[in-house]
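Working from the sequences, and respecting the hints, build out all of it.
There are 2 protein chains.
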Amino acid sequence: MARRFEFFFDYVSPTAYLAHYLAREVAERTRAELVYRPFFLGGVMQATGNRPPGTVPAKGAYMQRDLQRCAKRVGVPLFMNPYFPMNTRGLTRATLGLDDDPALRDRFIDACFRHCYGIEDGIDPANPADLKTMCDAEGFDFDQIVALSEAPENKDKLRANTDEAVARGVFGAPSFLVGDELFFGHDRLDYVEEALTEQAA
Amino acid sequence: MARRFEFFFDYVSPTAYLAHYLAREVAERTRAELVYRPFFLGGVMQATGNRPPGTVPAKGAYMQRDLQRCAKRVGVPLFMNPYFPMNTRGLTRATLGLDDDPALRDRFIDACFRHCYGIEDGIDPANPADLKTMCDAEGFDFDQIVALSEAPENKDKLRANTDEAVARGVFGAPSFLVGDELFFGHDRLDYVEEALTEQAA
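Protein chains in written order, with numbering that gives the first Met the number 0: chain A, 0 to 200; chain B, 0 to 200.
Keep in mind that a hint or two might mislead.
[Stated by the list, open to error] Using 27 Å as the maximum straight-line C-alpha spacing, the simulated DSS-like pairs for lysine-lysine come out as follows:
1. A:156 x A:131
2. A:154 x A:131
3. B:58 x B:71
4. A:58 x A:71
5. B:131 x B:156
6. A:58 x B:156
7. B:154 x B:131
8. B:58 x A:58
9. B:71 x A:156
[Unchecked claim] To list a few chain B residues with every Cβ distance to chain A over 12 Å, as calculated:
10. 24
11. 32
12. 72
13. 78
14. 120
15. 129
16. 167
17. 171
18. 193
[Unchecked claim] A few chain B residues that face chain A, going by a derived Cβ cut-off under 10 Å, partial list only:
19. 58
20. 136
21. 138
22. 169
23. 170
Everything labelled a hint here was simulated from the structure, so no lab data went into it.
A virtual CB, placed ideally from N, CA and C, is assigned to each residue, including glycine.
Laid out in structure tokens, this is it:
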């Protein structure tokens with residue numbers, strides 16, 4: 000059986016942004032396949048009764064400090080998105096629409112994360128002008144991305160990923176599954192790596 | 000200025016149990032003073048609007064797996080306490096009452112954590128028979144511990160620690176403060192260590 004780990008994410012999550020970089024490194028080191036599973040975090044929250052950390056003011060304030068410390072360790076810049084919590088469903092649907100072209104999809108995933116959290120004044124993904132700016136800067140076909148983000152089959156795929164995540168015990172993002180073993184948070188990717196390494200042994 | 004870090008904890012928290020071991024190691028490696036700040040986690044939750052992770056069923060289920068993985072890495076056994084969420088106020092008050100005798104207090108802290116989470120069938124700290132069992136096994140004077148746990152000045156100290164924690168941004172346990180810099184979770188003790196090491200440089 001080929002080794003693989005699934006990465007459940009939504010671009011709205013700043014810790015998913017951090018996990019994005021770490022997950023690629025884990026995949027490289029372990030030679031396991033990184034399976035992208037974009038989902039709708041709001042739907043997961045609603046289904047599980049979970050709440051974003053920012054709903055507790057003291058936790059929200061702490062999170063900002065913690066995110067900066069974690070980003071420094073990951074080695075990437077992190078700027079809080081001015082439109083947080085952004086509506087990212089167009090981006091996740093378009094991502095799912097690119098599944099047939101993994102190289103293009105992976106480039107798109109990377110661009111989405113960077114334009115949400117890796118640059119100052121991150122984009123509002125629900126604003127067509129912002130989406131166009133990103134597409135132009137990164138060399139994506141804006142019209143194709145819009146079409147994919149509106150395609151009913153990609154809406155269905157997003158819903159299916161979200162439902163599957165909840166059914167498999169996911170309650171937030173980023174989440175990782177190695178087989179049926181769930182790992183939550185960018186700060187558990189070393190455990191993911193350990194699980195993949197144990198499988199290889 | 001002497002380097003120090005404050006450890007805000009309540010014996011009810013299984014991650015505080017893990018942090019207890021890691022914090023002592025950090026203190027040893029950095030030669031910084033570990034300042035014990037027992038508090039009442041329930042009061043912090045109420046004051047901040049935070050909720051225990053177990054109130055979200057999927058998160059509670061995951062936590063059990065995650066705790067076992069983390070305990071394995073820390074290198075200590077962890078058994079979920081059958082009386083969770085235990086009433087630990089007697090233990091925290093007694094701990095505060097031992098502040099004048101740091102060696103005895105540190106032994107008591109260690110015993111409380113172990114009897115709550117380090118042994119199968121952990122104690123119910125609110126049950127005098129269980130408390131006596133622990134005291135007898137660990138060589139503490141049961142009558143003294145009970146007296147300390149009921150002393151009004153220790154109730155005041157517990158309330159003061161809890162209020163101070165909230166005022167300084169704490170929203171859960173375990174929490175660490177290096178000066179005014181807050182770190183939450185046993186899995187942030189490497190950041191605590193980094194902050195202490197930077198102070199020394």
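Hints versus structure:
Taking the CA atoms of residue 156 of chain A and residue 131 of chain A, the gap is near 23 Å; set against the 27 Å cutoff, the hint holds. Our distance criterion of 27 Å between C-alpha atoms is met by residue 154 of chain A and residue 131 of chain A, whose separation comes to about 21 Å. Taken as a hint, the residue 58 of chain B and residue 71 of chain B pair is honoured in the structure, with Cα atoms around 20 Å apart against an allowance of 27 Å. A distance of roughly 20 Å separates the Cα atoms of residue 58 of chain A and residue 71 of chain A; the hinted pair therefore holds under the 27 Å criterion.
Among the hinted pairs, residue 131 of chain B with residue 156 of chain B is consistent with the structure: their alpha-carbon atoms are about 23 Å apart, no more than 27 Å. Restraint check for residue 58 of chain A and residue 156 of chain B: the C-alpha separation of about 25 Å stays at or below 27 Å, so the hint holds. As the CA atoms of residue 154 of chain B and residue 131 of chain B are separated by approximately 21 Å, the hinted pair is consistent with the 27 Å bound. The straight-line distance between the Cα atoms of residue 58 of chain B and residue 58 of chain A is roughly 17 Å, inside the 27 Å bound, and the hint therefore holds.
The hinted pair formed by residue 71 of chain B and residue 156 of chain A fails the criterion: a straight-line CA distance of about 37 Å is larger than 27 Å. Interface exclusion of residue 24 of chain B from chain A stands, the closest Cβ pair being 18 Å apart, more than 12 Å. Every CB of chain A lies more than 12 Å from the CB of residue 32 of chain B, the least distance being 22 Å, so the non-interface label holds. With a closest Cβ-Cβ approach of about 8 Å to chain A, residue 72 of chain B is found to fall inside the 12 Å limit, against its non-interface label.
Its beta-carbon lying about 20 Å from the closest one in chain A, residue 78 of chain B satisfies the requirement of being farther than 12 Å from that chain. The beta carbon of residue 120 of chain B is kept farther than 12 Å from every beta carbon of chain A, the shortest such distance being approximately 27 Å. Residue 129 of chain B, annotated as away from the interface, keeps every beta carbon of chain A farther than 12 Å; the closest lies near 33 Å. Residue-level check failed: residue 167 of chain B sits 10 Å from the nearest beta carbon of chain A, not beyond 12 Å.
At roughly 8 Å from the closest C-beta of chain A, the C-beta of residue 171 of chain B falls inside 12 Å, breaking its exclusion from the interface. For residue 193 of chain B, the shortest C-beta to C-beta distance to chain A comes to about 9 Å, within the 12 Å cut-off, and the non-interface label is violated. Annotation: residue 58 of chain B was flagged as interfacial toward chain A, and the flag holds, the nearest CB pair being 5 Å apart, inside 10 Å. Checking residue 136 of chain B against chain A by beta carbon gives a least distance of about 34 Å; that is not within 10 Å, so the hint is violated.
At its closest, the beta carbon of residue 138 of chain B sits 37 Å from a beta carbon of chain A; the interface hint therefore is violated under the 10 Å criterion. For residue 169 of chain B, the suggested interface contact is upheld, since its CB lies about 7 Å from the closest CB of chain A, less than 10 Å. Of the supplied interface hints, the one on residue 170 of chain B holds, with its beta-carbon coming within about 4 Å of a beta-carbon of chain A, less than 10 Å.
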